[in-house]
Amino acid sequence: MAYEGLDFYDVESLLSEEEVMIRDMVRDWVEDEVLPKIEHACREGIFPDEWRVALGEMGVLGAPLKGYGCPGLSYMAYGLICQELERGDSGLRSFASVQGSLAMYPIWEFGNEEQKEKYLPKMASGEWVGCFGLTEPDYGSNPGDMITKAEDMGDHYLLNGAKMWITNGTIADVAIVWAKLDGVIKGFIVEKDDEGFSAPEMTGKHSLKASVTSELVFQDCKIPKDRMLPDVKGLKGPFSCLNNARYGISWGAIGAAQACFHSAKEYALSRIQFDHPIASYQLVQNKLAWMLREITKAQLLAYHLGLKKDDSTWFAEQISLAKMNNVDMALEIARMARDIHGANGILDEYCIMRHMANLESVKTYEGTHDIHNLIIGKYITGIQAFTRKLD
Amino acid sequence: MLMNGVPVGGLSHPLEWMVKTMPDIAVLIKRVPDTIAKIIVVDGTIDLSGVKWIISPYDEYAIESALQHREATGGSVTAITLGNADCDKTLKDAKALGCDELVRLWQDGWESLDSNGVQSILAGAISDLGSEIVYCGKAAADTNAGSTGPGVAEKLGWASISNVVSVSFEEGGVEALVPVAGGQAKVGINFPCLLTIDKGPNEPRRPNVRGIMMARKAEVNLKGGQAPAATISVISKSTPPAKPPGKTYHGAENVPAVVQALRDEANVI
Chain A
72 MAYEGLDFYD VESLLSEEEV MIRDMVRDWV EDEVLPKIEH ACREGIFPDE WRVALGEMGV
132 LGAPLKGYGC PGLSYMAYGL ICQELERGDS GLRSFASVQG SLAMYPIWEF GNEEQKEKYL
192 PKMASGEWVG CFGLTEPDYG SNPGDMITKA EDMGDHYLLN GAKMWITNGT IADVAIVWAK
252 LDGVIKGFIV EKDDEGFSAP EMTGKHSLKA SVTSELVFQD CKIPKDRMLP DVKGLKGPFS
312 CLNNARYGIS WGAIGAAQAC FHSAKEYALS RIQFDHPIAS YQLVQNKLAW MLREITKAQL
372 LAYHLGLKKD DSTWFAEQIS LAKMNNVDMA LEIARMARDI HGANGILDEY CIMRHMANLE
432 SVKTYEGTHD IHNLIIGKYI TGIQAFTRKL D
Chain B
240 MLMNGVPVGG LSHPLEWMVK TMPDIAVLIK RVPDTIAKII VVDGTIDLSG VKWIISPYDE
300 YAIESALQHR EATGGSVTAI TLGNADCDKT LKDAKALGCD ELVRLWQDGW ESLDSNGVQS
360 ILAGAISDLG SEIVYCGKAA ADTNAGSTGP GVAEKLGWAS ISNVVSVSFE EGGVEALVPV
420 AGGQAKVGIN FPCLLTIDKG PNEPRRPNVR GIMMARKAEV NLKGGQAPAA TISVISKSTP
480 PAKPPGKTYH GAENVPAVVQ ALRDEANVI
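Chains as they are written, first to last, in the working numbering: chain A, 72 to 462; chain B, 240 to 508.
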C-alpha cells in the first residue's frame, strides 16, 4: 500500500501550505527516484551522483540559509526535508546535512563576502559538494584536543594532520577543516586540488553504505591566506554548525522510524500465522502501538523545536535532547520492526535492516547518545561530567 | 514578408513580430483524488475526507507541454481549473511547476454541473482570456471520460487533436504526434486549437523550492460565468459488484490444475 506518513496528532495542520508543498516535493522524489535504487546503492556502496544533481535542482541544499543563491526556507521546512530524505536513507540525509549545515553554514555565518560569493551559490545548486573536517582518529567526543594544526607561513597557511569519519570527503570540492592556529581552533576552506591534500574513502562499513565516508589527510597542505574563516575561533565554530545538523537529524530520525513503522504495519497485516494476520495478535499490536506512541512524541518534540529555531528562542541543550531522543526512538523502532518482520526483516527486500544499521551510526555521530546525556546532565546540575582527572 | 524567419515591413513597433509570435497558452487542470488513494464508500456515497488530492496525471503532461511551448516560443501559460476554493491548492501546484497565471472558475450553483456545463464554462473563460492554444489531459483520473477537451474545442469552434504524445512548436501553430493504427501520425494544426495530451516521452517536471516560493505569493484569479442548464440527470448510483472469492489450491498435486487455471481462465501465462 502507498506510503502515508503517520500523523496521529495532525501535525500537518500546524504547517504552512508552503512547508507542506516542500515536504511533498521531497517525499515524491524519494518515492520515485530513491527508494527504487537505494538497495542497489547500498550493495554497491555508492552515493548515486544523480541524487546530488536532483537535490540541487529541487533547491533544498542549505535550506534555511538566505541569500547567495540559498533557498531561505524556514527551519521547519528544513526539518521536513530531512525527515523525507531520511525516510529514503540516512546516507542521503547525511549528504544534505553535511552540505547545508556543516559546509555551507560556516561559510554563510563566519565567512567573508568574497568567500560567500565564491562558494555558496555553487554549493546551493549542488555543483560543488562540501564536507566538514572536525573528528580525528583519536579525538571524537573531545575535539578540543585535536592535533591538526595550521601554521602561518607569511603568504599562506600550512595544514598538517588527519581527519576521520568525514561524510562526503572523497567527493567533496570544498572541505571546511577545523585546525589549531597558534593553539586556537580556526576554520579553513580547503579545496580538493590543494597541494598536500588527499581524501581516501573508508571502506568496510556495515552502516551508511550509500554514503561516502572518508579520511582527510593534510601533509604540508598549502592554502592561500584568504581561505581562513575570519569571524570565528574556538569550538563555537564547529559546535554552531553541529547544532543545525543535529536539529536536522532530530527530524530525519522520524523519517527512518516512519519507514520502519509503515513496513511493519503492512507486514503484520499481510503475514498469516496460526490462520490469522499477525496484526491481530495482542503482542504485535502492543509493538505497533508503542511505535505510534514514540513517533508521535518525537514529531511533537521536533515540531516544537522547529518553532523555537524559527523564532530564535532555542538553546543547545534542547537540540541535544531532540537528537538523542529521536534517534534512540528510531533505532528501537527499527529493531522492533525487524522483530515483527521475523526472518524477512533481515532481507533487503525490506528497508528495516538498512535503517537499523544506519541508525547505529546516527546514534553515534554528531554527538554520541551518551555525550548528549552529559550535555543535559550538565544543564540540570551545573556540573560538567565530560572530563576529570584520574589518579 | 519574412526575412530570416522574421517579418519585416508594416510594423508599428520594432518588437511587434515578437509579440505576435508569443502565444497566450492555456492549460486546463483538474483536482482529483490521488490515484493511489484508498476510496471508501459509505452508504452508497464516496467518502473523500482524508483523501490526498493531486493534479490529474494526464493534466501534468498537459502542463509540461504548455511549459515547453512557452520555453520554445515565449508567451505565457495560464492554468485554469473549475472548482471550489479547495482547488486553489491545485492551481498553486501548477504555479510551482512554472505556470504564469492562475484562474479558478466558480460560483454558487455549480456544485453538480454536467459535462456540457463544464465545457461551456471553460470555453467561455478561454474566449475571455484570448488564449490561442489550449492543452489539457486526455482524460481526468477520476471520471476517465475524456470528453472535456474535445467538448471545449467544439464549443469554441476550434480544431482539436486528441491523445497527443509529443508536440513541436511552430509559428502560428504546432505539430502533434499522435498514435494511429500501426504507428504514429504527425499532424499540423494552426492556432486557435486545443490538444489533449497523453503520456509521452517528456516526463512532467518536478516542482522546486523556487517555484513553491513563487506559488506562495501567487494570486488566483476567480471568475464566474454562464452555465447552461444540465441536460442529464443521475438516476442512481451503485457500488461495483463484489469480486467473487478466489480459488485456493493446496498441495503439489494441484500444480497442473493451477497452471491450467492461470493459462485458460486468468490468461496470464
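Where hints are given, some of them may not hold.
Here are the simulated distance ranges between beta carbons [to be verified]:
#1 A:F79 to B:E458: 34 to 40 Å
#2 B:K486 to A:D99: 37 to 43 Å
#3 A:V124 to B:E504: 17 to 23 Å
#4 A:G305 to B:K456: 37 to 43 Å
#5 A:V124 to B:P440: 18 to 24 Å
#6 A:F345 to B:S354: 48 to 54 Å
Pairs of lysine-lysine, DSSO-like flavour, derived with a Cα cap of 27 Å [what the hints assert, rightly or not]:
#7 A:K307 to A:K460
#8 B:K291 to A:K368
#9 B:K456 to A:K137
#10 A:K336 to B:K456
#11 B:K291 to A:K108
#12 B:K456 to A:K108
On the chain B side, residues computed to face chain A include the following (Cβ under 10 Å) [unchecked claim]:
#13 A335
#14 R445
#15 R455
#16 K482
Note that these hints are calculated values from the structure, not bench results. Beta carbons: idealized from backbone N, C-alpha and C, even for Gly.
Hint check:
no. : hint                         : result
1   : A:F79 to B:E458: 34 to 40 Å  : holds (35 Å)
2   : B:K486 to A:D99: 37 to 43 Å  : holds (38 Å)
3   : A:V124 to B:E504: 17 to 23 Å : violated (48 Å)
4   : A:G305 to B:K456: 37 to 43 Å : holds (41 Å)
5   : A:V124 to B:P440: 18 to 24 Å : holds (20 Å)
6   : A:F345 to B:S354: 48 to 54 Å : holds (53 Å)
7   : A:K307 to A:K460             : holds (24 Å)
8   : B:K291 to A:K368             : holds (24 Å)
9   : B:K456 to A:K137             : holds (18 Å)
10  : A:K336 to B:K456             : violated (39 Å)
11  : B:K291 to A:K108             : holds (26 Å)
12  : B:K456 to A:K108             : violated (35 Å)
13  : A335                         : holds (6 Å)
14  : R445                         : holds (6 Å)
15  : R455                         : holds (5 Å)
16  : K482                         : violated (18 Å)
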